[in-house]
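Trainee: Sequence:
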Amino acid sequence: MSRSLKSSPSLDLESVLNPEQISAVTHGEGPQLVLAGAGSGKTRVITYRIAWLVQEAGVAPDRIAAVTFTNKAAAEMRDRVEDLLGIFPLPTFVGTFHRFSLGLLRRYGERVGLNRDFAILDTSDQLHLVKQAIEAEELSDKSFTPRSVLSAISSAKNRLLTPDDYAGEAENFFQRKIVGIYRRYQGLLRSVSGVDFDDMIALAVRLLTEDEDVGGRIRGRLDHLLVDEYQDTNHAQLALIRALVAEPANLTAVGDEDQSIYRWRGAQIENILQFETSFSGAVSRKLERNYRSTQTILDASGALVAHNERRRGKRLWTEAGDGELLELYRADDEGDEAHWIVNTLQSLRGRFELSEMAILVRTNAQTLALEEELLRQEVPYVLVGGTRFYDRAEIKDLVAYLRVIRNPRDLLSMNRILNQPPRGIGKATEEMARQEAADRGLPLWDLIAQDELGNLPARGASALRTFGDLIQELQEAAEELPLPALLDRLLEATGYAKMYEDKRDAESEARLENIKELLSAAQEFTEASSTSPEAAESDDLLTAFLDHVSLVADIDAWQGARGVSVMTLHSAKGLEFPVVVVAGLEDGLLPHFNSQGTRDDLEEERRLLYVGMTRAKRRLILTCCRRRRIAGRYQDQMESPFLAEIPGELLRTIESPSLFHAHRPGAGGERLGGVYSFFGRETAPRASAPGGTGGSGRTIQRGSRVEHPTLGQGVVLATEGSGEQAKITVFFERAGRKKLMAKYASLELL
1 MSRSLKSSPS
11 LDLESVLNPE
21 QISAVTHGEG
31 PQLVLAGAGS
41 GKTRVITYRI
51 AWLVQEAGVA
61 PDRIAAVTFT
71 NKAAAEMRDR
81 VEDLLGIFPL
91 PTFVGTFHRF
101 SLGLLRRYGE
111 RVGLNRDFAI
121 LDTSDQLHLV
131 KQAIEAEELS
141 DKSFTPRSVL
151 SAISSAKNRL
161 LTPDDYAGEA
171 ENFFQRKIVG
181 IYRRYQGLLR
191 SVSGVDFDDM
201 IALAVRLLTE
211 DEDVGGRIRG
221 RLDHLLVDEY
231 QDTNHAQLAL
241 IRALVAEPAN
251 LTAVGDEDQS
261 IYRWRGAQIE
271 NILQFETSFS
281 GAVSRKLERN
291 YRSTQTILDA
301 SGALVAHNER
311 RRGKRLWTEA
321 GDGELLELYR
331 ADDEGDEAHW
341 IVNTLQSLRG
351 RFELSEMAIL
361 VRTNAQTLAL
371 EEELLRQEVP
381 YVLVGGTRFY
391 DRAEIKDLVA
401 YLRVIRNPRD
411 LLSMNRILNQ
421 PPRGIGKATE
431 EMARQEAADR
441 GLPLWDLIAQ
451 DELGNLPARG
461 ASALRTFGDL
471 IQELQEAAEE
481 LPLPALLDRL
491 LEATGYAKMY
501 EDKRDAESEA
511 RLENIKELLS
521 AAQEFTEASS
531 TSPEAAESDD
541 LLTAFLDHVS
551 LVADIDAWQG
561 ARGVSVMTLH
571 SAKGLEFPVV
581 VVAGLEDGLL
591 PHFNSQGTRD
601 DLEEERRLLY
611 VGMTRAKRRL
621 ILTCCRRRRI
631 AGRYQDQMES
641 PFLAEIPGEL
651 LRTIESPSLF
661 HAHRPGAGGE
671 RLGGVYSFFG
681 RETAPRASAP
691 GGTGGSGRTI
701 QRGSRVEHPT
711 LGQGVVLATE
721 GSGEQAKITV
731 FFERAGRKKL
741 MAKYASLELL
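Residue numbers (our numbering): 1 to 750.
Derived by calculation from the structure, the hints in this document are not laboratory data. Errors might be hidden in some of the hints.
In silico DSS-like cross-links for lysine-lysine, where the CA-CA straight-line distance does not exceed 30 angstroms [unchecked claim]:
(1) K396 / K516
(2) K314 / K573
(3) K286 / K314
(4) K573 / K396
(5) K427 / K503
Computed spacing ranges between beta-carbons, pair by pair [said to hold, decoys possible]:
(6) K738 / Y634: 37 to 47 angstroms
(7) A303 / A485: 52 to 62 angstroms
(8) S191 / E324: 55 to 65 angstroms
(9) S148 / A303: 31 to 41 angstroms
(10) A438 / Y634: 48 to 58 angstroms
(11) P709 / E171: 25 to 35 angstroms
(12) R349 / A485: 43 to 53 angstroms
(13) Q175 / D600: 18 to 28 angstroms
(14) D600 / Q132: 32 to 42 angstroms
(15) Q450 / E479: 31 to 41 angstroms
(16) A167 / D600: 18 to 28 angstroms
Idealized CB from N, CA, C, for every residue including glycine.
Make the full structure from the sequences, and use the hints.
Mentor: Below you can see the structure in the form of structure tokens.
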């Protein structure tokens, strides 16, 4: 591949980096951990380190690799390094963990039992195979739901456990049954020449650690490895990193333990907390200067996350000034909350563009009221994290055609398109064909291509032959035509686009628009192929495009220019906006009711709120509701205990006029650690607790901060009854929610 080189500008580090960043960029040999606080310029550190290694340390650019978690982040890094070095395209690998693993497996996969044309299964295909495995084990998919089973299998793979390894760990009935499903699932993967996302990492680790030739060859080509978002790595990814770097490890890991929010999908915060244990001789550096937010936002979010124990600790500072106070809106219900949020954003339009605003929520279910209000007020918005473009039915159909053109033994893709569009191959014909193929020990495609259809009814056999001729015709076209022209030929030959053109309804029009978008994507990919790392790692452009389709994520295509962004807190990771609203700060939503069992769960929920708050550059707005409609019925809500951990002097509280005030003491209500607690008809009777007065005459009540001899400090959420028989519900910072008898609680008021 030819490269264009321009004169590389001198790296005047002092003019663009602060002293701590320069230390990280110019680090010499051996491992280093860069603890990069939110908005502290970690991407700049990674890109300048690559440029410094090439220009100042004399390292060949193709002997450096940088891995991260999203294609969007990787593309941004690559573009910056190319601009710094003036090398187009950059020979340095800059991509995701899965992209790196895929490159290894496309090249050496046969050494770990893969066919060269293996397919990457998406979530729906994985669930389909898991359901087959559950049925084969004669289990109910009501008791063993495909999603819960797939989650268990994914967790095992992330820990590099084979079915046999998992069997050795199985402790209960569910886990013992998972073993059999896991084995069958792996067999089904092999039968369709497929791998899932977890396999890609696990097989790459196996390749590097068990094949001395490949492992030595790859390590011999790699002088420096840089890892972004290190706090989000799981056990398998850590094993991959360790397999890539020889001692002394020339590894630069950049991350922030306070932004570790993916424990639910296998991320291990221990990887960043115990970095020096994993890589001997490591040094650590902190980046604490923030270039994103105001000091008020940093102080509020810092005070919140300081309640976590599992952290290294840092205090972010900025020269941007204090800025405005945070706003907390206490709404009556989710409709009131949405109305106030949209009105507030409308009032800010003179100072900020809509694309500079974001509404962040804990769960997808919260977006309904927000979307309805945005539509009612005709405010343009984009919902991030909806149906992924490549998961839409019409796009999956066309991609399945491309997969079958490349590999007609891809059974999952074959099943999807046999009768799509309808061509007279009914369910009965499909079943008979599959059974005939199984009886003859042939893949279904071989049965069709070799015309071994004599035992099938004449009409069905004829339809299958026509389908076989169609695929062979398209395979021949794929040898001659560029990718966009191949898609045009496919649409014409199959009649797929005509199927929707003939319907002439709104849904069909939308599907046709999506098909046009796929054609545009194929054209763009083809035009970029000369500089595309995906194309460089593949034998042909079709394979490269299909790999690209499998690895792209919804956040990679995020464009904020279309209006207000509405997304979950998890989706917002890595983004920033001048104006951020974090909605729904209620106990049970944040922290989520599924995440209140252990200290680790609670600390991750706290980190999730911290991530949301630190997305804000100028204005940070928080909201909560007194009641919320859940499953069609209103349910009383309590404020998130995390609100009590934000200093009250940094908050300006606004209350909905709709809130019930009749029974509230005083105009401002009662304080709950810096914010006001919801009172009114729901106010529980105050309760005294032995030892709780501390000689001051004060009583323990809702909102009180207390300390327990063993459970530590917490906030009283509710009291029931009075005197020694009172029951006190406390949210403890380390132990979560506990209900205690006042008589035995031994609580001390703080």
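Trainee: Work down the list of hints and note, for each, if the structure agrees.
Mentor: Hints versus structure:
Distance check on the hinted pair: K396 and K516 sit about 14 angstroms apart at the alpha-carbon level, within 30 angstroms; holds. With a C-alpha separation of about 19 angstroms, the suggested pairing of K314 with K573 holds against the 30 angstroms cut-off. With a C-alpha separation of about 8 angstroms, the suggested pair K286 and K314 falls inside the 30 angstroms cut-off, and the hint holds. Simply put, K573 and K396 have alpha-carbon atoms about 27 angstroms apart, close enough for the 30 angstroms limit, and the pair holds.
With a C-alpha separation of about 23 angstroms, the suggested pairing of K427 with K503 holds against the 30 angstroms cut-off. Separation of K738 from Y634 is about 27 angstroms and departs from the stated range, judged on CB atoms against 37 to 47 angstroms. Range check, A303 to A485: about 59 angstroms between beta-carbon atoms, so the 52 to 62 angstroms window is met. The beta-carbon spacing between S191 and E324, approximately 60 angstroms, falls within the hinted interval of 55 to 65 angstroms.
Here the CB-CB span from S148 to A303 is close to 37 angstroms, well matched to the stated 31 to 41 angstroms. In this structure the supplied range 48 to 58 angstroms holds for A438 paired with Y634, their Cβ-Cβ distance being about 55 angstroms. The hinted range of 25 to 35 angstroms is satisfied by P709 and E171, whose Cβ atoms lie roughly 32 angstroms apart. Take R349 and A485: their Cβ atoms lie about 45 angstroms apart, and the range 43 to 53 angstroms holds.
Between Q175 and D600, the C-beta spacing of about 20 angstroms keeps the proposed range 18 to 28 angstroms intact. In this structure the hint that D600 and Q132 lie 32 to 42 angstroms apart at CB holds, the actual value being about 34 angstroms. Checking the proposed 31 to 41 angstroms range against Q450 and E479 shows it is violated: the Cβ atoms sit about 21 angstroms from each other. Between A167 and D600 the C-beta distance comes to about 26 angstroms, which sits within the given range of 18 to 28 angstroms.
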